[in-house]
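Heads up: the protein sequence lines correspond to chains R and D, in order.
Take 126 as the starting number for the first sequence in the working numbering and just add one per residue.
Take 3 as the starting number for the second sequence in the working numbering and just add one per residue.
To be clear, the hints were calculated from the coordinates, so they are not data collected in a lab.
Misleading hints may appear alongside valid ones.
Heads up, simulated DSS-like pairs for lysine-lysine below, C-alpha to C-alpha not over 27 Å straight-line [claimed, not checked]:
1) K312/R - K28/D
2) K272/D - K410/D
3) K59/D - K102/D
4) K149/R - K28/D
5) K359/D - K220/D
6) K193/R - K312/R
7) K28/D - K400/R
8) K154/R - K28/D
9) K524/R - K248/D
10) K359/D - K371/D
11) K570/R - K28/D
Here chain D is said to cover these stretches of chain R; the calculated rule only asks that three of the stretch's residues, wherever they fall, bring their Cβ under 8 Å from a Cβ of chain D [claimed, not checked]:
12) 132-139
13) 170-184
14) 212-219
15) 528-539
Owing to the predicted nature of the structure, the values given are computational and were not obtained by experimental measurement.
Even glycine gets a Cβ: it sits at the ideal position worked out from N, Cα and C.
Here's the letter readout for the chains.
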Amino acid sequence: MVFSNLLFIYIFLPLNLACYFLAKDIKIKNAVLLIFSLIFYTWGEPVYVLLLIGMCLADWFFAKQIEKHRGTGKAKAAMLAAAVVSIGLIGVFKYGTFVCANLNSAFGFPESIPNIALPIGISFYTFQLLSYVVDVYRGDVQAQDKFTRVLLYASLFHQCIAGPIVRYKDVSEEIACRSTDVVETGKGINRFTVGLAKKVLFANVCGSLCDGLLLSDATANDASLFAENMEVLASRPALALWLGMLFYMLQIYLDFSAYSDMAIGMGQMIGFHYKENFDYPYMSKTVSEFWRRWHMSLGSFFRDYVYIPLGGNRKGKARMFLNMFVVWALTGLWHGASWNFVLWGLYFFVFLVIERLFLAKLLEKLPSVFSRIYLLMVVFFGWVIFKFQSLPMCFTVLKGMFGLNGNSFTNFEATAMLQNNIFFLIVAVIACTPLVRRMGEILSKNADNEIRFANIQGVLQIILPIILLLVSTLGLVGDSYNPFLYFQF
Amino acid sequence: MRKDKMRYVNLVGQPEKRWYHTNKRKIETASFFVVLAIGFIVSLLIPLRPTFSESEKRELAKFPEFRVEALLEGEYFAQIDTWFADTFPFREFLTNANSKLTSWYGFGDRVSSLNSIVADEIPDAPTTTEPESTTMPPVTDEPSTQDAEESTSETTEITDPPTSLSPTEPSTEGTTAPPKKTQSLGGILVVGNKAYEYYNFSQTAADLYAKSINRVAKALNGTGVQVYDMIVPTSIDVILDESTRKSVQSSDQQKAINYMYASMDSSIRKVDILPVLRSHSDEYIYYRTDHHWTALGAYYAYAELMRAKGAEPLDLKADFTEKSYGDFLGSFYTDTNKNKKLEKKPDELIAYVPEFKTEMYYYESDGDKIIWPLVYDVSSYPIGYKYSAFAGGDNKYTRVHNLTEGAKGSCIVVKESFGNAMIPFIAGNYKYVYVIDYRYWEGSLSKLAEVKGATDIIFINNVSATRNEILMDTLNKICK
Numbered sequence: 126m127v128f129s130n131l132l133f134i135y136i137f138l139p140l141n142l143a144c145y146f147l148a149k150d151i152k153i154k155n156a157v158l159l160i161f162s163l164i165f166y167t168w169g170e171p172v173y174v175l176l177l178i179g180m181c182l183a184d185w186f187f188a189k190q191i192e193k194h195r196g197t198g199k200a201k202a203a204m205l206a207a208a209v210v211s212i213g214l215i216g217v218f219k220y221g222t223f224v225c226a227n228l229n230s231a232f233g234f235p236e237s238i239p240n241i242a243l244p245i246g247i248s249f250y251t252f253q254l255l256s257y258v259v260d261v262y263r264g265d266v267q268a269q270d271k272f273t274r275v276l277l278y279a280s281l282f283h284q285c286i287a288g289p290i291v292r293y294k295d296v297s298e299e300i301a302c303r304s305t306d307v308v309e310t311g312k313g314i315n316r317f318t319v320g321l322a323k324k325v326l327f328a329n330v331c332g333s334l335c336d337g338l339l340l341s342d343a344t345a346n347d348a349s350l351f352a353e354n355m356e357v358l359a360s361r362p363a364l365a366l367w368l369g370m371l372f373y374m375l376q377i378y379l380d381f382s383a384y385s386d387m388a389i390g391m392g393q394m395i396g397f398h399y400k401e402n403f404d405y406p407y408m409s410k411t412v413s414e415f416w417r418r419w420h421m422s423l424g425s426f427f428r429d430y431v432y433i434p435l436g437g438n439r440k441g442k443a444r445m446f447l448n449m450f451v452v453w454a455l456t457g458l459w460h461g462a463s464w465n466f467v468l469w470g471l472y473f474f475v476f477l478v479i480e481r482l483f484l485a486k487l488l489e490k491l492p493s494v495f496s497r498i499y500l501l502m503v504v505f506f507g508w509v510i511f512k513f514q515s516l517p518m519c520f521t522v523l524k525g526m527f528g529l530n531g532n533s534f535t536n537f538e539a540t541a542m543l544q545n546n547i548f549f550l551i552v553a554v555i556a557c558t559p560l561v562r563r564m565g566e567i568l569s570k571n572a573d574n575e576i577r578f579a580n581i582q583g584v585l586q587i588i589l590p591i592i593l594l595l596v597s598t599l600g601l602v603g604d605s606y607n608p609f610l611y612f613q614f
Numbered sequence: 003m004r005k006d007k008m009r010y011v012n013l014v015g016q017p018e019k020r021w022y023h024t025n026k027r028k029i030e031t032a033s034f035f036v037v038l039a040i041g042f043i044v045s046l047l048i049p050l051r052p053t054f055s056e057s058e059k060r061e062l063a064k065f066p067e068f069r070v071e072a073l074l075e076g077e078y079f080a081q082i083d084t085w086f087a088d089t090f091p092f093r094e095f096l097t098n099a100n101s102k103l104t105s106w107y108g109f110g111d112r113v114s115s116l117n118s119i120v121a122d123e124i125p126d127a128p129t130t131t132e133p134e135s136t137t138m139p140p141v142t143d144e145p146s147t148q149d150a151e152e153s154t155s156e157t158t159e160i161t162d163p164p165t166s167l168s169p170t171e172p173s174t175e176g177t178t179a180p181p182k183k184t185q186s187l188g189g190i191l192v193v194g195n196k197a198y199e200y201y202n203f204s205q206t207a208a209d210l211y212a213k214s215i216n217r218v219a220k221a222l223n224g225t226g227v228q229v230y231d232m233i234v235p236t237s238i239d240v241i242l243d244e245s246t247r248k249s250v251q252s253s254d255q256q257k258a259i260n261y262m263y264a265s266m267d268s269s270i271r272k273v274d275i276l277p278v279l280r281s282h283s284d285e286y287i288y289y290r291t292d293h294h295w296t297a298l299g300a301y302y303a304y305a306e307l308m309r310a311k312g313a314e315p316l317d318l319k320a321d322f323t324e325k326s327y328g329d330f331l332g333s334f335y336t337d338t339n340k341n342k343k344l345e346k347k348p349d350e351l352i353a354y355v356p357e358f359k360t361e362m363y364y365y366e367s368d369g370d371k372i373i374w375p376l377v378y379d380v381s382s383y384p385i386g387y388k389y390s391a392f393a394g395g396d397n398k399y400t401r402v403h404n405l406t407e408g409a410k411g412s413c414i415v416v417k418e419s420f421g422n423a424m425i426p427f428i429a430g431n432y433k434y435v436y437v438i439d440y441r442y443w444e445g446s447l448s449k450l451a452e453v454k455g456a457t458d459i460i461f462i463n464n465v466s467a468t469r470n471e472i473l474m475d476t477l478n479k480i481c482k
């Protein structure tokens with residue numbers, strides 16, 4: 126199940142909240158959450174739910190062993206075993222097909238390539254469990270005695286399938302004991318409905334426009350349609366390609382951050398406080414800033430569990446660049462089992478190195494408009510690599526953007542598409558900036574002093590969540606376009 | 003504290019604190035939960051859930067039947083999701099509101115879904131192979147005797163004119179089901195309040211089309227049956243103004259039609275109607291919200307067909323009565339997600355009811371024989387179904403009997419839905435018209451012509467069908 130789904134919004138969520146708030150005791154509240162979470166996951170993966178439970182069981186056990194034998198070789202062995210099991214499982218289920226296909230094309234072995242379906246959310250819950258075991262090993266947090274609590278931590282439907290990657294140490298206390306009040310719940314409702322509207326009213330529309338201007342992911346990744354796809358992309362006018370990629374750039378941020386908003390909001394409704402995952406990344410001025418504001422829970426995971434253990438920047442420049450190379454290759458690979466994702470990660474690595482060497486200093490001296498344009502361009506072309514799993518298609522699009530496919534600048538259809546969606550485009554761009562939030566802040570500041578603003582704020586606060594919920598419902602009825610982008614992750 | 007008192011001061015300078023300032027979070031939370039609860043209850047009221055969408059002309063998703071296999075594959079739950087969203091209570095109202103919302107996304111009166119199909123170049127002339135050689139039917143394609151027997155038995159059974167039911171009253175059985183959607187459209191272009199369908203020439207499909215017609219002509223060689231072929235252009239090449247037409251990526255239909263005609267055997271009489279239709283382009287000959295032509299458009303094409311046959315066409319004024327069956331919003335409206343500009347100006351379904359008496363029956367796909375008027379008053383039909391006024395809509399086999407004294411001859415019309423609008427006119431020039439919708443009918447056209455003693459076989463196919471390999475493959479199967 127996904128959040129932007131009518132069954133989730135009108136059946137699952139009301140039942141979940143009702144049961145949760147009717148339960149008096151934290152134990153029962155946790156039991157309610159666990160049961161609902163397992164149903165949620167089973168709805169999408171009726172078989173692989175066993176994989177999730179099994180992985181939790183293994184990591185719960187290893188963490189306990191680490192705690193028990195702290196300081197001895199046995200703890201190290203348990204840590205190693207946890208890493209082997211977790212990374213081994215994600216390796217098989219996420220990268221098995223990819224590795225076999227590459228081995229096959231390089232060495233002709235194995236002869237048949239297994240077709241393993243990717244369990245939803247495996248990249249998110251594996252990383253959560255890994256961080257848990259490592260934190261226990263490092264002594265940052267105590268091992269959890271109760272299996273059900275580890276299971277609840279990893280399977281909690283708020284963040285299980287699309288992040289953020291919540292650290293156990295950040296929520297361990299709230300799992301055992303948490304409280305909420307009407308102000309917190311109200312804030313959670315705001316956050317959830319904003320996320321829902323972002324997903325349904327903006328991300329989905331951007332996605333369908335992008336599909337129309339370029340190709341849908343399903344078509345683009347269908348190897349049997351390769352020749353037709355190349356022909357279609359080569360014939361697209363430059364404007365269609367630029368617009369299509371712009372809508373993709375908007376879609377991927379709005380969609381991903383919307384899931385985080387909804388997760389954070391639902392957590393807040395019941396007293397969980399997950400860390401922020403996106404901080405208006407397109408407002409950044411450098412690539413390194415962008416990655417501190419984009420999918421922050423993933424960036425900090427790689428920083429804390431890969432980059433720093435490898436020595437970070439403490440072992441000389443050469444070693445630092447090597448460490449960065451490893452981190453960005455892994456970051457790319459985490460996004461999907463395909464070379465274009467690795468390339469995408471390394472593409473950012475190159476810019477990060479250049480920034481470290483001289484570019485960051487140079488940009489600082491220039492007016493900020495230059496660094497903003499630089500960042501947006503780097504990210505924009507990065508998404509071209511990200512979007513197309515086939516490199517020839519990626520190059521065709523890049524060439525076409527500059528009219529090098531013998532294509533025209535625009536045609537009737539592309540112009541019409543732009544005209545018909547220009548207001549939407551403007552609003553979607555605004556949705557990627559902190560503008561609306563700033564306006565809200567100004568409003569509440571003034572509300573303290575002037576009754577007019579207090580009235581506006583009061584009314585907005587009451588009706589806005591309901592309006593967002595109802596308008597989002599419009600977009601979901603009739604089972605129209607509503608993709609889940611993170612099957613790859 | 004002092005500052006607190008200052009907070010809510012109205013213009014008169016009096017402190018003022020309203021109940022919703024202090025309780026706004028409580029109200030927000032409570033009202034949100036109430037809305038969720040209402041949504042919960044409403045979505046569980048199964049009788050409120052629609053099962054059919056009139057505007058989309060389709061059965062909505064059904065609650066899936068439980069299968070262990072589907073459960074394990076994750077299909078079962080996914081189907082429940084689809085059912086839940088597809089049949090949500092007040093669906094029509096909600097989707098309408100959504101399309102209203104979408105209409106605010108931009109300005110401009112031109113909408114186009116970009117084509118993802120690349121058109122083939124249309125060759126100036128057919129490939130050097132002689133048309134003759136392409137008409138040679140492969141040995142394996144010869145109709146087997148079994149086929150022939152089947153089609154004979156199927157058709158002889160129904161040669162007797164029906165007497166049981168009155169010709170003007172529709173039979174009551176099995177006629178309430180609206181016709182199914184039979185053709186999926188390519189890209190759609192909306193200019194102002196008129197919509198058009200893109201056309202992408204497909205060499206393979208066009209060659210297959212010409213080959214099929216050649217094959218049936220070959221099979222009828224020496225029987226005296228004359229084959230006519232009429233490729234019906236779509237509105238984009240007839241109505242759309244020249245400058246816009248040139249700026250969109252849609253293949254040239256006249257060129258495509260010329261190519262297909264040139265690929266056909268010289269014994270086949272080709273009826274080129276595009277120039278005629280263009281000369282009437284300022285008249286109401288195509289619907290604006292549907293991909294079909296109007297009865298008037300079909301009449302001009304019919305007159306051209308009669309000229310090719312050397313017969314006198316009936317007179318639209320003298321031999322027919324013009325009837326209006328009300329507003330019509332067709333396939334373009336549905337496929338543009340209920341475009342508001344189209345909705346604002348719906349089409350009018352105008353039909354020409356023959357003055358001469360006819361009897362018509364058709365067979366439904368399940369074999370039921372239905373007696374039905376040649377032109378039916380569809381005023382009470384849902385707004386999306388009006389095109390079924392003509393010849394009972396799309397049915398695999400239809401027979402029209404002209405009761406006029408002295409009417410003689412019979413013909414077979416092989417068509418998809420464009421042909422329907424022309425049947426009422428053709429009916430006046432024959433005693434019997436056998437209408438075959440090749441998408442549903444199985445058998446052999448030459449055998450049918452023999453059994454029925456038909457003198458003409460008339461192919462009426464819209465150009466959009468001739469780019470569809472699957473359809474052309476189906477047509478090819480009966481062209482023997």
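Right, here's what the structure says about each hint:
| no. | hint | in the structure |
| --- | --- | --- |
| 1 | K312/R - K28/D | holds (11 Å) |
| 2 | K272/D - K410/D | holds (23 Å) |
| 3 | K59/D - K102/D | holds (20 Å) |
| 4 | K149/R - K28/D | holds (20 Å) |
| 5 | K359/D - K220/D | violated (35 Å) |
| 6 | K193/R - K312/R | violated (41 Å) |
| 7 | K28/D - K400/R | holds (25 Å) |
| 8 | K154/R - K28/D | holds (22 Å) |
| 9 | K524/R - K248/D | holds (25 Å) |
| 10 | K359/D - K371/D | holds (20 Å) |
| 11 | K570/R - K28/D | holds (20 Å) |
| 12 | 132-139 | holds (count 6) |
| 13 | 170-184 | holds (count 3) |
| 14 | 212-219 | violated (count 0) |
| 15 | 528-539 | holds (count 4) |
In the structure shown, a violation is registered for the earlier hints numbered 5, 6, 14, in ascending order.
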